[in-house]
Amino acid sequence: RIWMVMSRDGLLPKRFSYIHPRFRTPSFATVVNGFFVAIPALFLNLTEVTDLTSIGTLFAFVLVSGGVLLLDDKRSKRKLDGKFKIWYINARYTVPFLWLAFFVFLFIYKISWATLLNYLTIPHVIFIIVAIIVSVFAFIREWSSIPLMGLLTNLYLMAELGVTNWLRFLVWLLIGLVIYFSYSIKKSKLNKTDTTIQ
Numbered sequence: 001r002i003w004m005v006m007s008r009d010g011l012l013p014k015r016f017s018y019i020h021p022r023f024r025t026p027s028f029a030t031v032v033n034g035f036f037v038a039i040p041a042l043f044l045n046l047t048e049v050t051d052l053t054s055i056g057t058l059f060a061f062v063l064v065s066g067g068v069l070l071l072d073d074k075r076s077k078r079k080l081d082g083k084f085k086i087w088y089i090n091a092r093y094t095v096p097f098l099w100l101a102f103f104v105f106l107f108i109y110k111i112s113w114a115t116l117l118n119y120l121t122i123p124h125v126i127f128i129i130v131a132i133i134v135s136v137f138a139f140i141r142e143w144s145s146i147p148l149m150g151l152l153t154n155l156y157l158m159a160e161l162g163v164t165n166w167l168r169f170l171v172w173l174l175i176g177l178v179i180y181f182s183y184s185i186k187k188s189k190l191n192k193t194d195t196t197i198q
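The opening position of the sequence shown corresponds to residue 1 in my numbering, with each subsequent residue numbered one higher.
Heads up, some of the hints might be wrong.
Simulated pairs of lysine-lysine, BS3-like, Cα-Cα distance not exceeding 30 Å [said to hold, decoys possible]:
hint : residue 1 : residue 2
1    : K14       : K186
2    : K14       : K187
3    : K189      : K14
Taking CB as the label site, the calculated pair distances span [said to hold, decoys possible]:
hint : residue 1 : residue 2 : range
4    : F35       : I140      : 43 to 49 Å
5    : Y183      : F107      : 22 to 28 Å
6    : R8        : F102      : 42 to 48 Å
Hints are computed from structural coordinates only; laboratory data are not their basis. Where a beta carbon is used, it is the ideal one built from N, C-alpha and C, also for glycine.
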C-alpha cells in the first residue's frame, strides 16, 4: 500500500496504483514488492534480512525525528488550534546533562579511552560526530529534547548494526536516490503544485 500511495503522489509510475477490480487491493504493487523482497531473501541468511530490515526502519525513525526537529522551529507557538499541546522540554538543559552522564558512566565503570577506541567502528565514529553536531545545534536553537532523543537513540542503534549492514543499506539507499532523481522529482504532484504556484 505504501507503493500505491507513492504512485498516486507521482513518486512511482501510475501502474503501481492499480487496484484489482475484484479484491480491491493494489495487486501490481504487491506482486512487484513481493518479488523484490522474496528473491534477495532466498540468497541471504535470516540475520542479514532482519538486520537490513532493522536499519531501514531505524533510518525512517531518524528521518521522522529529524523532520520534527526542523519543522518545530517556532519555539513560541506550542499549541495547534487551541486543542493539541506539543510536548516541549528544552534540549539546552538536557543535552549537557546527557553528556555529563556519559562521562560519569565512563568514570564509574573505569572504561579507558584505549578500550573505548578499540570498540569503535566507522558507524560508531559517524554516530559520535553526528551526536556532537546535533548537540551543538540543539543547544543553540533550543530544540525539543523528545525528538532529539529519538534521533540519537535510533542513530546509535543503527551504528550497532555493523559496517557490512551499512554497506548493504547504502546500496539500497543509492538505488532509491537514483529512482527519485531520475523519475520521482519530475513527476511528483508536490513538484507540479510548486510550479503552478510560481
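Should the hint that R8 and F102 are 42 to 48 Å apart at their CB atoms be regarded as holding?
45 Å, holds
Holds or violated: K189 with K14, Cα cutoff 30 Å?
12 Å, holds
For the pair supplied as a hint, K14 and K186, confirm whether the alpha-carbon distance does not exceed 30 Å.
14 Å, holds
Hinted pair K14 and K187, Cα distance within 30 Å
Holds, at roughly 10 Å.
F35 paired with I140, Cβ distance criterion 43 to 49 Å:
For I140 against F35, whose Cβ atoms are near 47 Å apart, the range 43 to 49 Å holds.
Is 22 to 28 Å a correct range for the gap between the Cβ atoms of Y183 and F107?
Given a distance of about 53 Å, which is not inside 22 to 28 Å, the answer is violated.
In terms of the numbered hints stated before, the structure departs from hint 5 and from no other.
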